[in-house]
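Engineer: Residue strings, one per chain:
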Amino acid sequence: MSTWIPLWLHKLGSPPTFYRVAGAVRPWAMGLALLCGAIGLYGGLVLAPADYQQGDAYRIIFIHVPSAWMSMFIYAVMGAAAFVALVWRVKLAEVVAMESAPIGAAFTFITLVTGSLWGKPMWGTWWTWDARLTSELVLLFLYLGVIGLYHAFEDRRQGARAAGFLAIIGIINVPIVHWSVTWWNTLHQGSTVNVFGHSKMPWDMLWPLLMVMLATKAYYAASLCRRARTDLLALESGKDWVRQVAETEAGR
Amino acid sequence: MNALQHFFAMGGYGGYVWTSYAVFFAVLLADNVAPRLRRRRVLRDVRGRLARQDARARRTTSTTP
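Chains A and B, in that order, are what the protein sequence lines are. Residue numbers for the first sequence follow our numbering, beginning at 1 and rising by one. Residue numbers for the second sequence follow our numbering, beginning at 1001 and rising by one.
Keep in mind that the hints were calculated from the coordinates and are not lab data. None of the values given here were measured: they were computed from a predicted structure. Here a beta-carbon is modelled for each residue, glycine too, at the ideal position from N, C-alpha and C. Among these hints, one or two may not hold up.
[Said to hold, decoys possible] Residues of chain A clear of chain B, computed beta-carbon distances all greater than 12 Å:
no.: 1; residue: His-10
no.: 2; residue: Phe-18
no.: 3; residue: Ala-24
no.: 4; residue: Trp-129
no.: 5; residue: Phe-153
no.: 6; residue: Arg-157
no.: 7; residue: Gly-159
no.: 8; residue: Ile-172
no.: 9; residue: Val-174
no.: 10; residue: Ile-176
no.: 11; residue: Asn-185
no.: 12; residue: Thr-192
no.: 13; residue: Met-201
[Stated by the list, open to error] Cβ pair distances, simulated, as ranges:
no.: 14; chain 1: A; residue 1: His-178; chain 2: B; residue 2: Arg-1044; range: 41 to 47 Å
no.: 15; chain 1: B; residue 1: Ala-1057; chain 2: A; residue 2: Leu-34; range: 42 to 48 Å
no.: 16; chain 1: B; residue 1: Arg-1059; chain 2: A; residue 2: Leu-34; range: 46 to 52 Å
no.: 17; chain 1: A; residue 1: Thr-17; chain 2: B; residue 2: Asn-1002; range: 51 to 57 Å
Between the sequences and the hints, there should be enough to build the whole structure, so can you do that?
Structural biologist: As structure tokens, then:
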């Protein structure tokens, strides 16, 4: 690879180093996730006032919207990592892409279920085939497709390449999910929170939402660290550093 | 109705709100447990293979005259 990539990045790409660094990062990320999550949910469930139209039912927003953001964010990370893995054959990028998929699928599933539970009292239906809901369901199927394709191959790295290819193609769906509420007439409401402009939401409701968003980001980092570490152990199970890990953990 | 009951009732939407939160935490908990179990399995396999290799090495050294 070229010289403009700093040395520490090369080192981080080596499995034993990444294993160690991820092990150090993980508890901090998880701690941040729990702290922000607790503060944000307290703010959302207790401190924030009820909505003038939806009453207390709107409080589902504090998990629904952060989960929806994560479902798209994780897909973008997965697609980018899959691209790096396909082009430069970086083993670690493959691991990041393939281990992101289950976390992304989890958040997408949460988004769909909580949306359904919110839709029933507010719209009078659990499900409707409008653009936002349908594209989010397609996102879930893309995640499941990536996971399934990855496990369908005997050779793990071959599976990761095929699944990575699907992940890259599927990126086209991410902007569709995001702008579906503006491009089509949907039952789903438009976006309330605008990162680069004025948000149509009072601060009492906005800060808990942003806090939970931060918590889900930190949670993703923590979960990815744990999953990538485990995957590296499996991938490199014949190597010396994995033996050392196995032997030290047997003593405990 | 006291304050706590009022809180859990969620203005009549308690069923929807709390089910949502339960799903959220249950799914993330499962996401946490799965890699933990996998890690344990992977390390057990590595240790098993190491033990077999050791046993084989000892057998070959003891049979040689």
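Engineer: Would you mind marking each hint as holding or not holding in the structure?
Structural biologist: Against the structure, the hints:
1. His-10: Non-interface label stands for His-10 of chain A: nearest chain B Cβ at 26 Å, farther than 12 Å.
2. Phe-18: Phe-18 of chain A is indeed farther than 12 Å from all Cβ atoms of chain B, at 15 Å.
3. Ala-24: The claim stands: Ala-24 of chain A keeps its Cβ more than 12 Å from every Cβ of chain B (closest is about 17 Å).
4. Trp-129: holds, 21 Å
5. Phe-153: Answer for Phe-153 of chain A: holds, closest chain B Cβ roughly 18 Å.
6. Arg-157: Arg-157 of chain A clear of chain B: closest Cβ-Cβ about 17 Å, beyond 12 Å.
7. Gly-159: holds, 16 Å
8. Ile-172: At about 26 Å from chain B, Ile-172 of chain A clears the 12 Å cut-off, so the statement holds.
9. Val-174: holds, 21 Å
10. Ile-176: holds, 24 Å
11. Asn-185: holds, 25 Å
12. Thr-192: Thr-192 of chain A clear of chain B: closest Cβ-Cβ about 18 Å, beyond 12 Å.
13. Met-201: holds, 18 Å
14. A:His-178 - B:Arg-1044: 41 to 47 Å: holds, 43 Å
15. B:Ala-1057 - A:Leu-34: 42 to 48 Å: holds, 47 Å
16. B:Arg-1059 - A:Leu-34: 46 to 52 Å: Hint holds: Cβ distance 51 Å, inside 46 to 52 Å.
17. A:Thr-17 - B:Asn-1002: 51 to 57 Å: holds, 56 Å
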